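Heads up: the sequence shown runs through residues 1 to 276, numbered per my numbering.
What you were told as hints is all true, and nothing was included just to trick you.
Straight line, CA to CA, 30 Å or less: simulated DSS-like cross-link-like pairs of lysine-lysine:
| hint | residue 1 | residue 2 |
| --- | --- | --- |
| 1 | K140 | K157 |
| 2 | K157 | K167 |
| 3 | K69 | K87 |
Ranges of calculated distance between the beta carbons of each label pair, as one might list FRET restraints:
| hint | residue 1 | residue 2 | range |
| --- | --- | --- | --- |
| 4 | R152 | L23 | 53 to 61 Å |
| 5 | K157 | R194 | 47 to 55 Å |
| 6 | Y117 | L141 | 31 to 39 Å |
| 7 | N129 | E90 | 42 to 50 Å |
| 8 | I181 | Q155 | 35 to 43 Å |
Read the hints as simulated data drawn from the structure, not as lab findings.
Small disclaimer: the values here were computed from a predicted structure and weren't measured.
Just so it is clear, CB atoms sit at the ideal spot from N, CA and C, and this is done for glycine as well.
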Amino acid sequence: MALSTPENSSDTNASLDLLQVRLRRLEFLLSGASDVDGSPAPAVKPLDGAATVIARLESLRAGFSKVRKGDDTVAAILNDVEAIFNKYPELHKNASDATSQDHSTQASVVLANATLYPETASRLASLQNLQIPPAESSGKLTALRADIENCRAEQQKIDAEVQELRKRSAQCLEWWVKTGIVGMGDLWEDWEYRLTELERQVTRFERLQKDRAGICDVIECLVYLDIRPGRHEGQMAPTTRRETASHDSERRRYTHAEPSRALCDTLAADVVHDGD
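Using the sequences provided together with the hints, build the complete structure.
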C-alpha cells in the first residue's frame with residue numbers, strides 16, 4: 001500500500017480545484033448567473049417537461065417548420081438559403097474546424113513576435129505613469145462645447161451659402177451665354193438685315209432721283225425746241241394767238257430760270273396732259 005506524500009496531496013488538490021472551476025464554468029454557461037463571490041448559481045431543475053432543453057429545441061423546430069409552410073415567399077427564401085449552404089459548405093464552417101498548426105510553426109510565430117511583448121509592456125507601463133489632467137482644464141474644455149457647436153452650425157451655414165452662390169453663378173453664366181452670345185448673334189443678324197433693306201431703299205431712291213433728273217432734262221429740251229406730243233418732227237401744228245403768247249412766256253421762263261424739281265413735275269404733268 002502506497003503512502004500519500006505531501007507532494008501527491010498538493011497535486012490532487014490542484015486537480016480537484018481545476019475540476020471545480022470547470023464545473024462552475026459549465027454551471028454559469030447553463031444558468032447565466034452567479035453569486036457575490038463569482039460562483040455560479042446551482043442549476044435549477046425544470047418545473048415541467050416543457051422547460052427542458054430538448055423540449056425547447058423541439059418547440060423551436062416546430063415553429064421553424066410552421067414559418068416555412070406558412071408563406072410561399074418565406075419558404076422560397078429558406079430553400080434558397082439551404083441550397084446555398086449545401087452548395088458552399090465552407091460558409092458555415094466553424095473556426096475550430098480549421099486544421100491546427102504543428103508546434104514548430106506556432107513556436108516560430110511566437111519567436112518572430114517576441115520583440116513586441118517588451119514593447120507592449122513598456123507602453124502599458126508608460127500609460128500607468130501618465131498624469132491625469134487637472135479638472136479645471138477638463139471643465140474649460142467642457143465649457144467650450146457650446147461654442148464648438150455654434151461654430152459647427154456657422155460652418156454649415158457658410159457651406160450652404162457657398163453652395164447657393166455656386167448655383168447662382170452657374171445660372172448667371174447660363175444667362176450670359178444665352179443673352180450675351182446667342183442673343184447678340186441674333187441681334188447682329190437683325191442689324192444686318194435692316195442695313196441690307198436700307199441699302200436697297202437708298203439705291204432705289206438714288207435711281208428715282210436719276211430718273212427724275214433725266215425727265216427734267218428731257219422736258220427742258222422740249223421747252224427749248226417747243227416740241228409737244230402729237231407733233232411730228234419739222235411740222236408745226238396750227239396754234240391760236242393765245243397759245244402762241246403763252247408758249248413764248250413759258251419759253252422765256254424756262255430759258256432764264258434753272259428748272260427745279262417742282263417745275264419738272266409741272267412740265268411732266270403738262271406733257272402727260274397734252275398727250276392725253
